[in-house]
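Chains A and B are the protein sequences, given in the same order.
Quick note: the first sequence, position 292, residue 292 per the working numbering, numbers continuous.
Quick note: the second sequence, position 66, residue 66 per the working numbering, numbers continuous.
Keep in mind that the hints were calculated from the coordinates and are not lab data.
Among the hints, erroneous ones may be present.
Stated by the list, open to error - One side only, chain B facing chain A, incomplete, derived with CB under 7 Å: (1) Pro111; (2) Asp184; (3) Leu191; (4) Ala278; (5) Arg282.
Claimed, not checked - Below are the DMTMM-like pairs computed for lysine to aspartate or glutamate, each with C-alpha atoms no more than 20 Å apart in a straight line: (6) Lys350/A x Asp257/A; (7) Lys285/B x Glu153/A; (8) Lys109/A x Asp130/A; (9) Lys350/A x Glu329/A; (10) Lys76/A x Asp184/B; (11) Lys76/A x Glu187/B; (12) Lys132/A x Glu151/B; (13) Lys76/A x Glu153/A; (14) Lys240/B x Asp184/B; (15) Lys132/A x Glu153/A; (16) Lys350/A x Glu306/A; (17) Lys350/A x Asp361/A.
For each residue, glycine too, the CB sits at the ideal point set by N, CA and C.
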Amino acid sequence: MARSSVQLAGVAKQFGSTVVIRDVTLDIAPGEFVVFVGPSGCGKSTLLRLVAGLEQPSAGAIHISGRDVTHEHPSKRGVAMVFQSYALYPHMSVAENMAFGLRMLGTPKAEIATRVTAAAQTLQLEALLDRKPRALSGGQRQRVAIGRAIVREPDVFLFDEPLSNLDAALRAQVRVEIARLHARLGATMIYVTHDQVEAMTLASRIVVLNGGRIEQIGAPMDLYRLPANRFVAGFLGSPRMNFLPARVAAAGEHGVDLEVAGETLRIARRLAARAGDIVTLGVRPEDLSLAHAQDGAAHNGILRGEVSLLERLGGEALIHVTLRGTQAETLVAKLAGDVSLSARQPIALKLDGAACHLFDDAGRTMT
Amino acid sequence: MIYGGRASGLLYLSPYLVGLAVFTLFPFVASLLLSFSDYRLQDALSAAQLVGFENYAAIVHDRTFGKSLVVTLVYVFVTVPLKLAFALFIAFVLNFRLRGINAFRTAYYLPSILGGSVAIAVVWRYVFAGDGLINQALAVLSANPVNWLGEPAYAMVSIVLLRLWQFGSAMVIFLAGLQGIPADLYEAARLDGASHWQVFRRITVPLLTPVIFFNFIMQVIQAFQEFNGPYVITGGGPLKSTYLLPLMIYEEAFKYFEVGYASALSWCLFVLVAVFTALAFRSSKHWVFYAQERGEGGQ
Numbered sequence: 001m002a003r004s005s006v007q008l009a010g011v012a013k014q015f016g017s018t019v020v021i022r023d024v025t026l027d028i029a030p031g032e033f034v035v036f037v038g039p040s041g042c043g044k045s046t047l048l049r050l051v052a053g054l055e056q057p058s059a060g061a062i063h064i065s066g067r068d069v070t071h072e073h074p075s076k077r078g079v080a081m082v083f084q085s086y087a088l089y090p091h092m093s094v095a096e097n098m099a100f101g102l103r104m105l106g107t108p109k110a111e112i113a114t115r116v117t118a119a120a121q122t123l124q125l126e127a128l129l130d131r132k133p134r135a136l137s138g139g140q141r142q143r144v145a146i147g148r149a150i151v152r153e154p155d156v157f158l159f160d161e162p163l164s165n166l167d168a169a170l171r172a173q174v175r176v177e178i179a180r181l182h183a184r185l186g187a188t189m190i191y192v193t194h195d196q197v198e199a200m201t202l203a204s205r206i207v208v209l210n211g212g213r214i215e216q217i218g219a220p221m222d223l224y225r226l227p228a229n230r231f232v233a234g235f236l237g238s239p240r241m242n243f244l245p246a247r248v249a250a251a252g253e254h255g256v257d258l259e260v261a262g263e264t265l266r267i268a269r270r271l272a273a274r275a276g277d278i279v280t281l282g283v284r285p286e287d288l289s290l291a292h293a294q295d296g297a298a299h300n301g302i303l304r305g306e307v308s309l310l311e312r313l314g315g316e317a318l319i320h321v322t323l324r325g326t327q328a329e330t331l332v333a334k335l336a337g338d339v340s341l342s343a344r345q346p347i348a349l350k351l352d353g354a355a356c357h358l359f360d361d362a363g364r365t366m367t
Numbered sequence: 001m002i003y004g005g006r007a008s009g010l011l012y013l014s015p016y017l018v019g020l021a022v023f024t025l026f027p028f029v030a031s032l033l034l035s036f037s038d039y040r041l042q043d044a045l046s047a048a049q050l051v052g053f054e055n056y057a058a059i060v061h062d063r064t065f066g067k068s069l070v071v072t073l074v075y076v077f078v079t080v081p082l083k084l085a086f087a088l089f090i091a092f093v094l095n096f097r098l099r100g101i102n103a104f105r106t107a108y109y110l111p112s113i114l115g116g117s118v119a120i121a122v123v124w125r126y127v128f129a130g131d132g133l134i135n136q137a138l139a140v141l142s143a144n145p146v147n148w149l150g151e152p153a154y155a156m157v158s159i160v161l162l163r164l165w166q167f168g169s170a171m172v173i174f175l176a177g178l179q180g181i182p183a184d185l186y187e188a189a190r191l192d193g194a195s196h197w198q199v200f201r202r203i204t205v206p207l208l209t210p211v212i213f214f215n216f217i218m219q220v221i222q223a224f225q226e227f228n229g230p231y232v233i234t235g236g237g238p239l240k241s242t243y244l245l246p247l248m249i250y251e252e253a254f255k256y257f258e259v260g261y262a263s264a265l266s267w268c269l270f271v272l273v274a275v276f277t278a279l280a281f282r283s284s285k286h287w288v289f290y291a292q293e294r295g296e297g298g299q
């Protein structure tokens with residue numbers, strides 16, 4: 001399978017007066033699995049459609065394998081796309097659906113048969129080749145849609161939220177199949193999703209989009225550990241990162257001392273903060289733990305409050321806590337599934353200062 | 001009646017049921033009985049005499065019926081495909097997203113509201129008259145005038161064109177069908193490299209076959225029943241070249257007062273339409289594609 005690079009240079013897209021994509025520049029290396037992720041309306045699907053050629057950019061250029069394809073017909077770009085709705089031709093059998101693109105290209109019949117058979121084997125579709133899409137389950141349809149892309153042996157695979165019509169169990173299964181497929185084919189893949197779990201598990205690199213702009217690009221764990229801003233920090237991770245308003249009490253060589261929810265917390269890192277700054281403290285639910293008696297004595301990095309809701313998920317439990325002295329400040333802690341807590345019980349949570357994030361008033365990560 | 005029940009339900013339905021009984025069921029049964037009778041319009045209904053299959057036997061030997069049957073079949077076979085193709089073409093064009101497209105859709109649908117009326121048939125007669133609009137246009141182009149309503153072949157053309165002009169209802173149904181085809185199928189086909197013609201032939205038409213089938217059945221039935229055009233424009237002539245069966249039935253009943261014979265002709269027409277419809281339904285298994293199985297839920 002061909003491996004190919006994709007470059008977007010200053011790509012913008014406007015629909016009338018509505019700007020959907022703003023000056024996006026991005027290099028995708030051959031064989032990379034890049035995931036565009038972001039909330040609804042962030043422009044991720046539009047960006048994918050621009051690469052596919054289903055939309056024309058208002059500005060900028062798109063290169064695939066070094067060739068300028070900005071104004072090329074979609075079928076001439078060497079891309080294949082898997083649609084959210086699968087977009088299988090309902091009047092054609094599975095085999096005909098997979099063969100359609102090759103027939104349109106005038107590929108000899110024998111070669112079409114070989115490629116369809118090979119793709120069907122890869123995706124375990126051999127027994128379904130004569131069926132119509134209406135006789136297939138959601139997962140099978142999804143595999144046919146992927147098979148239709150594979151037979152074309154494209155330079156770049158494009159996936160537009162391909163799992164969003166599947167139930168949760170099937171979604172996890174097909175997600176693994178797509179990861180295996182990428183490992184086997186080694187092809188360049190661009191994948192759009194609003195689901196950060198798909199993004200984290202599938203991507204070599206994640207592109208986080210918001211309001212038509214790239215917020216951050218990076219490997220999943222890099223983005224998770226070092227989000228560039230509050231948006232990325234909040235978007236990646238489930239449950240999402242807790243954000244608490246805080247005031248810088250002191251800043252210096254020792255790090256930063258914060259006042260948060262009536263408590264104090266030391267972050268032992270040098271940060272560009274000054275005493276008196278109003279900042280946002282970000283802490284992931286898994287970085288909170290139950291405080292022990294000796295922690296309480298130090299009175300540092302302990303948040304106190306009351307359990308407002310308990311969600312036991314089996315292996316872990318999500319504890320929703322209303323902080324003491326506040327009505328609205330709620331945070332979520334991820335603790336062991338068998339933690340002995342109940343609603344309205346007082347609770348003390350310990351923050352790991354090293355794992356905390358600080359954001360300035362513009363939402364940028366403070367370094 | 002305040003409380004619900006069978007009687008109050010029937011009461012609500014009664015306007016329709018009375019209409020059905022008086023204007024459909026009674027004429028249906030009466031015409032069947034009259035088709036086996038010798039009954040003239042000026043006589044009392046009690047004067048009708050049962051004559052068995054005499055009327056039907058007479059039809060078999062009636063040369064005018066033979067001529068009318070051929071003319072009717074030609075009319076149906078010419079107008080139905082032409083009208084469907086024309087309506088589909090216009091629907092296809094009107095399916096493009098253009099500025100002011102709704103105004104165009106309305107303008108193209110208007111002839112259908114007016115087209116079947118006697119008034120338009122009268123206008124049509126003047127358009128095709130010797131010194132009518134079309135011949136005047138031909139004169140401007142220095143072409144010889146055509147005797148539209150006097151030459152058998154041209155007379156048929158004039159009533160066929162009137163039928164084509166009434167493409168609006170079929171077009172609206174096609175348009176609804178076209179809009180029901182998911183856009184992502186077209187996008188998938190574009191990515192697959194299909195040309196516009198291939199997309200139309202391999203995606204649009206197959207997915208439109210249920211609508212084509214519905215329109216086909218409706219148009220066949222309506223074409224077999226065409227009356228206004230030949231009655232007003234050509235009077236069935238010249239040389240009975242536009243003497244469609246409904247016109248013949250009308251003349252037998254209300255010109256020659258042979259109601260028994262006209263009823264038998266009506267039943268022949270009914271059987272003819274039923275046979276064509278049944279054949280169309282049988283053939284539909286082979287060319288009509290339904291995206292969902294019957295009774296299957298949405299996907």
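Given the proposed pairing of Lys350/A with Asp257/A, does the C-alpha separation stay at or below 20 Å? holds, 15 Å
If you draw a straight line from the CA of Lys76/A to the CA of Glu153/A, is it 20 Å or shorter? Given pair Lys76/A, Glu153/A holds - Cα atoms ~13 Å apart, limit 20 Å.
Hint status (Cβ of Pro111/B to nearest Cβ of chain A, threshold 7 Å): Constraint on Pro111/B not satisfied, violated at 33 Å.
Restraint check for Lys109/A with Asp130/A, where alpha carbons must lie at most 20 Å apart: holds, 17 Å
Given Arg282/B as an interface hint, is the shortest Cβ-Cβ distance to chain A below 7 Å? At about 20 Å, which exceeds the 7 Å cut-off, the nearest Cβ of chain A leaves the hint on Arg282/B violated.
Chain A contact restraint for Leu191/B - C-beta distance below 7 Å: With a closest approach of 5 Å, the Leu191/B hint holds.
Satisfaction of hint between Glu151/B and Lys132/A, Cα-Cα up to 20 Å: violated, 53 Å
Hey, Lys285/B versus Glu153/A, does the alpha-carbon distance stay inside 20 Å? violated, 36 Å
CA of Lys240/B to CA of Asp184/B, is that 20 Å or under? Cα-Cα ~52 Å, so violated.
Restraint outcome when Ala278/B is required to lie within 7 Å of chain A by C-beta distance: With Cβ-Cβ at 25 Å, over 7 Å, it is violated.
Measure nothing beyond the straight line between the CA atoms of Lys76/A and Asp184/B; if it is 20 Å or shorter, mark the hint as holding. Status holds; Cα separation ~18 Å.
Are the Cα atoms of Lys76/A and Glu187/B separated by 20 Å or less? holds, 14 Å
Hint check: violations occur at hints 1, 4, 5, 7, 12, 14, 15, 17; the rest are consistent with the structure.
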